[in-house]
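Colleague: One-letter residues, chain by chain:
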Amino acid sequence: AQRVTQPEKLLSVFKGAPVELKCNYSYSGSPELFWYVQYSRQRLQLLLRHISRESIKGFTADLNKGETSFHLKKPFAQEEDSAMYYCALAYNTDKLIFGTGTRLQVFP
Amino acid sequence: NAGVTQTPKFQVLKTGQSMTLQCAQDMNHNSMYWYRQDPGMGLRLIYYSASEGTTDKGEVPNGYNVSRLNKREFSLRLESAAPSQTSVYFCASTSAGTYEQYFGPGTRLTVT
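Chains D and B supply the protein sequences, listed in that same order. Sequential numbering from 1 applies to the first sequence in this note's numbering. Sequential numbering from 1 applies to the second sequence in this note's numbering.
These are calculated hints, taken from the structure and not from any lab test. Misleading hints may appear alongside valid ones.
To give an idea of the interface, some chain D residues facing chain B are shown, with a C-beta separation under 8 Å as derived from the structure [to be verified]:
| # | residue |
| --- | --- |
| 1 | Lys9 |
| 2 | Glu32 |
| 3 | Phe34 |
| 4 | Leu44 |
| 5 | Leu46 |
| 6 | Ala90 |
| 7 | Leu96 |
| 8 | Gly101 |
Ranges of calculated distance between the beta carbons of each label pair, as one might list FRET restraints [as the list claims (entries may be wrong)]:
| # | chain 1 | residue 1 | chain 2 | residue 2 | range |
| --- | --- | --- | --- | --- | --- |
| 9 | D | Thr60 | B | Met27 | 38 to 44 Å |
| 10 | D | Lys65 | B | Pro83 | 41 to 47 Å |
| 11 | D | Arg53 | B | Val12 | 34 to 40 Å |
| 12 | B | Ser51 | D | Ser26 | 26 to 32 Å |
| 13 | B | Pro39 | D | Asn64 | 24 to 30 Å |
Cβ coordinates follow ideal geometry from the N, Cα and C atoms, glycine included.
With the rest of the complex left out, here is chain D:
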């Protein structure tokens, strides 16, 4: 069965430090992976998807099929990056399964 694992519930860093939010997945097919973000008092929104290979707000994520990982990275964290981040895996044509989420706190 498909599964998404985010091992860290909370990640705290200082402004300017590098950030890596971990995501591992289990899926028998060809994976499509996403990162969603939820800022305080805002709705959940798509941050990036592996297929587009783009950088959004300085964040990147590379799909590593060998390690079944899709870690989210940013070289220099900003205070406005503080939010809840969810990794998600697509399955069955139009469903997503979400990880348990990682709260990122960036201190000034």
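Based on these hints, arrange chain B on the given structure of chain D.
Modeller: Structure of chain B alone, referenced to chain D:
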């Protein structure tokens, strides 16, 4: 475009009471979803609807019913609320052939 809207924003129920959470989208999306968000559990799919008139169970459907009234609206009903259903409920939608889901603002439900 309002995107995905949900009502109400907050609700407090007593055990055994019933209520319906409303969701509507104006993006002409085919698929709609109901999730619950609990601390440490992430988002879990309750029900989803691939098109008007069709619904399917997700990961945690027990205690809930849904209705896809038309393409725009997808409601979630709690027939007899239980404290275990205290959660934040999110509705989402997506168009066919894409996995990008658009979320509503959520409904915070407390069952006492």
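Colleague: All hints are to be evaluated individually against the structure, with a verdict given for each.
Modeller: Each hint tested on the structure:
no. : hint                          : in the structure
1   : Lys9                          : holds, 7 Å
2   : Glu32                         : holds, 6 Å
3   : Phe34                         : holds, 7 Å
4   : Leu44                         : holds, 4 Å
5   : Leu46                         : holds, 5 Å
6   : Ala90                         : holds, 4 Å
7   : Leu96                         : holds, 6 Å
8   : Gly101                        : holds, 5 Å
9   : D:Thr60 - B:Met27: 38 to 44 Å : violated, 28 Å
10  : D:Lys65 - B:Pro83: 41 to 47 Å : holds, 42 Å
11  : D:Arg53 - B:Val12: 34 to 40 Å : violated, 45 Å
12  : B:Ser51 - D:Ser26: 26 to 32 Å : holds, 29 Å
13  : B:Pro39 - D:Asn64: 24 to 30 Å : holds, 29 Å
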